[in-house]
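Protein chains in written order, with the working numbering: chain A, 1 to 474; chain B, 1 to 474.
Possibly wrong hints are sitting among the right ones.
To be verified - Examples of chain B residues lying across from chain A (beta carbon under 7 Å, computed):
hint, residue
1, H33
2, G46
3, T302
4, I394
5, G456
Said to hold, decoys possible - No farther apart than 35 Å at their CA atoms in a straight line, the calculated lysine-lysine pairs in the DSBU-like style are these:
hint, chain 1, residue 1, chain 2, residue 2
6, A, K333, A, K142
7, B, K415, A, K346
8, B, K142, B, K330
9, B, K142, B, K346
10, A, K415, A, K346
11, B, K142, B, K415
12, A, K142, A, K346
13, B, K346, A, K346
14, A, K415, B, K346
FYI, nobody ran anything at the bench for these hints, they're computed from the structure. Idealized CB from N, CA, C, for every residue including glycine.
2 protein chains.
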Amino acid sequence: MARFTLGRVVAGAAAVAVAAAVVGVAAGATTSHDDNTGDARRAIVGGRARHVIMFLGDGMGDSEITIARNYAVGAAGRLTMDKLPLTGEYTTYAVQQSNPSLPEYVPDSAATGTAWSTGQKTYNNAISVTPGDVDLPTILEKAKAAGFATGDITTAELTDATPAVLASHVNLRGCQGPADMATCPDDKKSAGGPGSIAEQMVDHDVDVLMGGGKARFDQVSDGGPAAGTSVTAQAAARGYDVVTDAAGMQAAQPGTKVLGLFSSGNMPTEWTGPAATPYTTDTAPNTVPVRCTESNPDRPATNPHLSDMTARAIDLLEAQERHGSGKGAKGRKGFFLQVEGASIDKQDHAANPCAQIGETVEFDKAIGVAVEWARSHPDTLIVVTADHGHTSQIISPPQVAAHHTPGGFQTLLTKDGAPMVVNYATVSPVPAASQDHTGTEVRIAAQGPQAANVLGITDQTELFHTMSRALGLE
Amino acid sequence: MARFTLGRVVAGAAAVAVAAAVVGVAAGATTSHDDNTGDARRAIVGGRARHVIMFLGDGMGDSEITIARNYAVGAAGRLTMDKLPLTGEYTTYAVQQSNPSLPEYVPDSAATGTAWSTGQKTYNNAISVTPGDVDLPTILEKAKAAGFATGDITTAELTDATPAVLASHVNLRGCQGPADMATCPDDKKSAGGPGSIAEQMVDHDVDVLMGGGKARFDQVSDGGPAAGTSVTAQAAARGYDVVTDAAGMQAAQPGTKVLGLFSSGNMPTEWTGPAATPYTTDTAPNTVPVRCTESNPDRPATNPHLSDMTARAIDLLEAQERHGSGKGAKGRKGFFLQVEGASIDKQDHAANPCAQIGETVEFDKAIGVAVEWARSHPDTLIVVTADHGHTSQIISPPQVAAHHTPGGFQTLLTKDGAPMVVNYATVSPVPAASQDHTGTEVRIAAQGPQAANVLGITDQTELFHTMSRALGLE
Chain A
1 MARFTLGRVV AGAAAVAVAA AVVGVAAGAT TSHDDNTGDA RRAIVGGRAR
51 HVIMFLGDGM GDSEITIARN YAVGAAGRLT MDKLPLTGEY TTYAVQQSNP
101 SLPEYVPDSA ATGTAWSTGQ KTYNNAISVT PGDVDLPTIL EKAKAAGFAT
151 GDITTAELTD ATPAVLASHV NLRGCQGPAD MATCPDDKKS AGGPGSIAEQ
201 MVDHDVDVLM GGGKARFDQV SDGGPAAGTS VTAQAAARGY DVVTDAAGMQ
251 AAQPGTKVLG LFSSGNMPTE WTGPAATPYT TDTAPNTVPV RCTESNPDRP
301 ATNPHLSDMT ARAIDLLEAQ ERHGSGKGAK GRKGFFLQVE GASIDKQDHA
351 ANPCAQIGET VEFDKAIGVA VEWARSHPDT LIVVTADHGH TSQIISPPQV
401 AAHHTPGGFQ TLLTKDGAPM VVNYATVSPV PAASQDHTGT EVRIAAQGPQ
451 AANVLGITDQ TELFHTMSRA LGLE
Chain B
1 MARFTLGRVV AGAAAVAVAA AVVGVAAGAT TSHDDNTGDA RRAIVGGRAR
51 HVIMFLGDGM GDSEITIARN YAVGAAGRLT MDKLPLTGEY TTYAVQQSNP
101 SLPEYVPDSA ATGTAWSTGQ KTYNNAISVT PGDVDLPTIL EKAKAAGFAT
151 GDITTAELTD ATPAVLASHV NLRGCQGPAD MATCPDDKKS AGGPGSIAEQ
201 MVDHDVDVLM GGGKARFDQV SDGGPAAGTS VTAQAAARGY DVVTDAAGMQ
251 AAQPGTKVLG LFSSGNMPTE WTGPAATPYT TDTAPNTVPV RCTESNPDRP
301 ATNPHLSDMT ARAIDLLEAQ ERHGSGKGAK GRKGFFLQVE GASIDKQDHA
351 ANPCAQIGET VEFDKAIGVA VEWARSHPDT LIVVTADHGH TSQIISPPQV
401 AAHHTPGGFQ TLLTKDGAPM VVNYATVSPV PAASQDHTGT EVRIAAQGPQ
451 AANVLGITDQ TELFHTMSRA LGLE
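Pulled out of the complex, with its shape left as it was, chain A reads as follows (with noise of 0.2 Å):
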C-alpha cells in the first residue's frame, strides 16, 4: 500500500495531483516497503490556492506527537497529520526585547505567532509588533484585504497569543480585553489607542471568530465610539452573530459574520487523567500504567468540539466565499483558515498527559475534517505545524529508587496495550509548577499548493511567505 493515499489528478490548466490522506485515526500499521518516489512527485504542486488552512499544535513538538500516536492509535499506527506528504521541521526562536539582534532560544506563542503570522521576529510577548513596537500587516489581514474571508478558531481564549496575532496587534499579549489594559495604556481606546485584543479582532471584521474567553469580550470598553458597550455587544451592532454554544454555532445564518465564545476562559479540556507526579516508590501509583478518561466531567455538553468548530468554520466560510455578506455582497477569493489546537501546550504546563493526548487527539480529528474537505477542494493548501516545542518525554520506567527520574511522570496504558511513561521535568516542582516550554525545532507538514516548501529545515518565519505566495499575496 502506498504510504499516501493521492486523490485523483485534477486536469486544468496546471494538472493538480493532491494527496489526500484518509481521514480519521487509522489503526494498525500503515507501512510500506513500496517505493513512494512517484507518490511523493505528485504531491509537490506549485501554484496558488483559494482556500489555505492552518492547524497550529500549540506546543505539540515531535515528543507530543510520538506520545499521542502512541497511546491512541499504536506506535505503528497513524494519525491523520502523520499522513500529510511533505513535512520538514522548522526553527522556533524569538529575539531578544532588549537586543533583537540577540535570539530568545525558548519562545512563547506570541513571538512564534508573529512570526507565522507576518514573517516577521519579534520578542516573548509581542503580539504582530517588531521588537520596535510597530504593528506588521498579518497573513489574515493581507488575506482580507485582497478579498478573501477569513477565519480565526482556537480551544483557548480567542483573546490568547495564537488567534490573537492574526487580527490584533500589542505589546503585551496579557492584555486581551478592555479591563486588562494596565500593562498597555497607551494602547486603550480612551487613550486614541486601537484597544484590547478583543476590540481589535472584533473591528478586524474577520468573518469566523470562535473560541473560548467569553469573559474578555464581556468587558466593556473604556473608549472610542462604542465606550460603555461590551465588546460582544460591539460585535453584535458590527453585523456579527454571536453564538455561545454548539447548538448557536450550528444555526448560525451562512453569510453572516460569526463570533462564537464557548466558554468563559480556556475551553474545557476533551480529557482527562492524572498529572505526573515525582517518583516515591517502584509501586506508586504513577508506576501503574492507567487509561485515560475520554471524557471530562467539567465540560458542558454543549462545548463544540474543534472538529465540529472547524467543519462549520468551513461550511460559514465557504458560503463567504460563494456570496460574500450583507446587501450587495460580491463572492470572495477564497479563504484563510486558522485552526488551533491551543490545550495540548496548556496540559504540557500542567503535566497532565492524558488531557494533553486528548487535546491532540481532537486537534487531529479536526485536520480530518479539512482533509476530507480538501478532497474535493485540491486548491487548497493545508498546513499541520506547531509554534514551539514542550516538555513532556517518553522515557523508560524509572524502576531504580537511585535512579529516578528527577521531574515527575505518569504511566499510561496504551492502545497497544503496552506501557509508556511520560516524564515532565523543564520546572520544578512537578505538577505544581508550569512546566517550560523548550527551543526545540518542531514539525511542519503540508499537502496541496506550496507544499513543497515545507520541506527540508525552515524557519517560521517562511511559512508565512509559503501561505502569501499559495494565495497570491506576494
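We have chain A already, so just place chain B on it with the hints.
Relative to the frame of chain A, chain B by itself:
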C-alpha cells in the same frame, strides 16, 4: 537564494538531478522567501544508486540537532545536515523480548540498529536477531553478496551496537569480544558458535572497518581454527591492513581491507566542557554562559577525526569499486558505507552538552565530506538520521529558586552570542546517573536516488527497504 543548492543535471538514460547541499558549516541565515517547489521536484530522484552512504547520529533527536546548530552556527545558521532536501521523521520503538507483539517505546541502539539494518523490529540488546534469536540478513551482508564493497565506521568501539548490527548476529549486545561471552555461551567459538561481535565482524570481511574498541579485538578466540590468537591477528591473517592511528589509516593500501582500531575503548570526544549540574543558586556556575573547549587533552593527536575517517573510507571503497582486492580481483558494483557519530548519545547520557555538541559538529563535518563527494557522484543515496531520541532540551534560564529545573543544566554562550540553557532530566541524579533515551520520533533526511522515501512519517524499518531498493537488492 534557493534553499537547496542544486547540482548540475546529469544527462543520461535517466536524467538525474541531485541536490548537492553546500559543504561545510554555513554562517548566518540561509532562509529564503523564494518558492522552492521546483527545487523540491528536482530533488526527487527514483531509480538506483551505485553508492549508499548512511550517517547515523546516535541519540541525535531534533532537540540535539537544534542544540548543536544554535551553539555552532547560530539559530539562523544551517548545519550541512540541515541542507539535505528531503526530510521526514520516523518512529523508533523496539518490541518486548517476552512478547514481541508489544512495543517497547524507549529503544536502544541495538534494537533500532537491527530495525534499519534488517528491516525487522526486535528487542533491546539484540544485534540483528529476531525476538526468537534467529539471525536476520543485514543490508551490509546483502550488499556484499550482491557485489558491493562495504564499510562500517564509528567513533565508538567497533563492537558497539550500531556498527555491530551490520556484520554480526548475537542476542546480547554486550558480547563484544571473545572474553565477553559469559552471557552468550552458545555463541562462543568453543561451543561451535559464530563467536563474539569482534570475531564475526572480521569473519564478515567488511572492506573498511574503523573505530575504537581495540581492546575487544585484542582478546583471544577460544575456539575455531584460530583458537588461541587475537581477533586483531586473525584480521591480519585474513588480509586486513590493521591500522591504529591517522597516519596508518592514510597509508593503508587501496585495494586492501582495512581494520582501523584507533582507541582501546570508545574514541575520546572532540570537545570538552562542564557537565550539567542541578540548580543551586541563580548565580551558580551552571547559570553563567560558557563557551565550550573545542579540544580534548585526553584525545591523542594521532586519532583521526570522523570526517577524516569518512573521507578515507570513501577513498578505499572507491578503490574497491574500481579494482576489487586481491589476485584476479574484479571491480565492485558500488559500495555501502555506514558512518556513526556515536558519542552524541554517550555525552547525552553523561549530561555533557559541550562534548555532545562537539560530536554533533564533527559528525556534520563528516556528512559534508560525503555531500561534497556526491557532487561528482550523483548516483549516491545519502541518508542522515538518528537511531533514537535522547534527554537534552533547550529551556529558559531557571531563575526562580522555587521553580527551578528538577534535573541538571548548563548554560552555554552560543555562536549568536546569546545564552542557551541545556537541560538533562530523564534520570536522577545529574550528572552521576546515565541519562535515558527517549521514545520520540526522530529526523531522517536524504538526497539522491530513493531519497523521497524518507518523506512523511515512516518507521525505522523502512530505511532498510529504501537503501535496499537503491542498491537493487529488492
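Each hint tested on the structure:
no.	hint	verdict
1	H33	4 Å, holds
2	G46	4 Å, holds
3	T302	36 Å, violated
4	I394	3 Å, holds
5	G456	5 Å, holds
6	A/K333 to A/K142	13 Å, holds
7	B/K415 to A/K346	32 Å, holds
8	B/K142 to B/K330	18 Å, holds
9	B/K142 to B/K346	30 Å, holds
10	A/K415 to A/K346	24 Å, holds
11	B/K142 to B/K415	44 Å, violated
12	A/K142 to A/K346	30 Å, holds
13	B/K346 to A/K346	33 Å, holds
14	A/K415 to B/K346	32 Å, holds
Going down the numbered hints, you'll see the structure goes against 3, 11, while the others check out.
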